[in-house]
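Use these hints to put chain B onto chain A, whose structure you have.
Protein chains: 2
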Amino acid sequence: MSEPIAVERALSIVLEATPVLPFESIDTDQALGRWLQEEIKADRDHPDFDKSLMDGYAVVAADLERDLRPLRVVQEIPAGTDPAGLRAVRPGGASRIMTGAPIPPGADAVLIVEETEGVEGDPESVRPKSAVRAGANIARRGADVRSGEVLLRAGEFIGAAEMGVIAACGRTRVRAGGRPRLAVLATGDELVEPENAPGPGQIRNSNGPVLRALALRAGAVTRYLGIAPDDERGLRLLIEDGLGDDVLVLSGGVSMGTRDLVGQTLRSLGVEILFDRVAIRPGKPFTFGRRGSALVFGCPGNPVSAYVIFQVFARAALRRMMGSAHPAPVPVRGVLKTPVRQRPGRAGYLQARAAWAGGAYEVEVIPSSGSADFVSSARGNSLAILPPDVTSLPAGASIETLLLDDQPDR
Amino acid sequence: MSEPIAVERALSIVLEATPVLPFESIDTDQALGRWLQEEIKADRDHPDFDKSLMDGYAVVAADLERDLRPLRVVQEIPAGTDPAGLRAVRPGGASRIMTGAPIPPGADAVLIVEETEGVEGDPESVRPKSAVRAGANIARRGADVRSGEVLLRAGEFIGAAEMGVIAACGRTRVRAGGRPRLAVLATGDELVEPENAPGPGQIRNSNGPVLRALALRAGAVTRYLGIAPDDERGLRLLIEDGLGDDVLVLSGGVSMGTRDLVGQTLRSLGVEILFDRVAIRPGKPFTFGRRGSALVFGCPGNPVSAYVIFQVFARAALRRMMGSAHPAPVPVRGVLKTPVRQRPGRAGYLQARAAWAGGAYEVEVIPSSGSADFVSSARGNSLAILPPDVTSLPAGASIETLLLDDQPDR
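So the protein lines, in turn, are chains A and B. For the first sequence, the working numbering gives the first residue as 29, with consecutive numbering after it. For the second sequence, the working numbering gives the first residue as 29, with consecutive numbering after it.
A portion of the hints provided could be inaccurate.
Copies of the same chain look alike in the list, so a pair counts if it works inside one copy or between any two.
[What the hints assert, rightly or not] 20 Å max Cα-Cα, derived EDC-like pairs, lysine to aspartate or glutamate:
hint	residue 1	residue 2
1	312	73
2	312	300
3	157	67
4	365	390
5	69	223
It is worth saying that the hints were derived from the structure and are not from the lab.
Chain A on its own, in the form it takes in the complex (with noise of 0.2 Å):
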């Protein structure tokens, strides 16, 4: 066992020791949620024709600064005409136009349909109700986009406006990084899966599934290996297997008991352990190791500290092997609703609410039972930071927070 580790220390070391998984090449409609690996640029000028941006009429806009008659409709333009058919609109005429419809010759303003009125009997015309300014209402060919333009970067998260871009630059394949194989194991004598009625002196696994639910939700592929036995040949064969996946996490087996055998079996297996102390509350004997490209967290077994390494730890390496260009927790701000203490040397990470008030994020401190309470990351929704020399925090304190994002409701 080493001395604790602080926890931006951590956070570097298992970034550097995280490899960036290869880029796959995919279908466009496959990438949504994946971090894109290389430039998209247009392949186009967008749009690549002077177009309308309203319904109206393409007009001169020189003839209605002399008078508003009528003017003699010459065509109609839908969106999609091909502009080598379009008739040119010379002064005393118009077209109606369409919005995205290309601009005829000779146009260079659409009034809109709500300042147009008709001719009584005359179909063919249409009575201006005011001028308009040169260039009004008119997208010039290259004005939102130039072709070449790059328009997404590596390491940009694939969102829905991003899939709308893609599919602009005609795109039917992309890269995305790769999504990270994880398997989960959790180690304990005591547990029993959740379908199970927990004996005397057992409890119920649920480190397992909320380690693999935090995997899903930040896009990995997972893998459930069940809960091993404390004794070193079953745990062995277990981590073997999940040694064979990107990323190993496990939950238990890392503290100071005699059957905590979980180090000492990494090591056993040849997996460099990097660190096995974090100064971080919960959470201290977090242990992070890798052997080859595989990655293991070896999260403590009660259920807020596993939930708290993965969301500071886990995530940020997988962002990382996913091609995030920002894969580390920014935290915000908010104000404190009520005080909090500890006792100094770790950083404190608190369950806690923060909810838009106002002006300013409440951040409210989940009251907990101690880190074995697995109800009250379910409470919260962000994580409350204290550093590692502040022992108290009033109410109204300023306080660095980390929103979760496997929260929809801010």
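Just chain B, lined up with the frame of chain A:
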């Protein structure tokens, strides 16, 4: 066409018209990302036996008050031990105990292993290095949760932490809100699918992929109906198909062009139009209706308009359908980095990038060439809201901003 109605009014009409889908009873491993539609109660005390919170020695606290003589170790108690098999601890004795293990009769505190040392020549004994107060490092039965306590309520999002609570309560099935089936239909003769090269006057359909991606990220099961031509017969067939789902989202065809046939086609198919104009920029021609329990969102064809209308209205409806207790988006407030201006009369929803900067969100409105600029939503991560009566705001002003959750990087 009616007068534009206020955004708040439109959202309330949408939510009032939106049914909550019938709940489904599903396996818990399918529950992640759904909304819970029942209470989850503890089926037992947690812990359901007095339990050690640390690795150490179960002792009689008063015994160590007197002096720190070596204690005889009477038993080793790993986690998972049946409390019925525990030997009593009496003054002068101690039991080695692991985190999570049951406290033996007679003991009233756990001295952590770091506060003990071995006794040379006597492996059966241990020497305490300090006293310990009664009750230290013990979680009493029911300390975390009492049997019967309500731990999760209907309407809560099932994130990772909730998966743990559900598992700890022994649930293998839960009642979750249904997933809406949603059909996306793009309209416009000018559109070609992304895999095709646009001919003269044509553009690629980016709305289809964007609307589908937004719906997927919101939790819907989606179906893409393709591009409808601007003729009533073709449009009618595709709309009728889409009305078989819970939600039909259209883009285009709701403006004032002669080919804008969506409104009349919807009416002819028996869709009740609840409004067809909203005082929002972009997105004024947003048309909303229903037929039976099916909802229709007729979004404008401009990419930015369609994106904004989905984010502000359709997403809230989907969340309500799925059983969310809080479906409407809740804005935060940020500080404008750059001045903004608009014509009065409609609420401006401006593509923006919100970034936490020390003490507040800095909100930078994305420069855009207009509502056809399909790149601006990808450059942003939020929508800055200018109320209808505000024509300009200076840099440094406070502005309401919707953080969009299809972006993981805040």
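Each hint tested on the structure:
Taking the closest pair of Cα atoms, residue 312 and residue 73 never come within 20 Å of each other, the shortest separation being 55 Å inside a single copy and 27 Å across copies. Taking the closest pair of Cα atoms, residue 312 and residue 300 come within 20 Å of each other only inside a single copy of the chain (19 Å); across copies the shortest separation is 60 Å, beyond that limit. Within a single copy, residue 157 and residue 67 get their C-alpha atoms no closer than 48 Å, and across copies no closer than 62 Å, so neither meets the 20 Å cut-off. In this assembly of identical chains, the alpha carbons of residue 365 and residue 390 lie at most 20 Å apart only when taken from the same copy (6 Å versus 24 Å across copies).
Taking the shortest alpha-carbon separations for residue 69 and residue 223, only the inter-copy value of 15 Å comes in at or below 20 Å, while the best intra-copy value is 52 Å.
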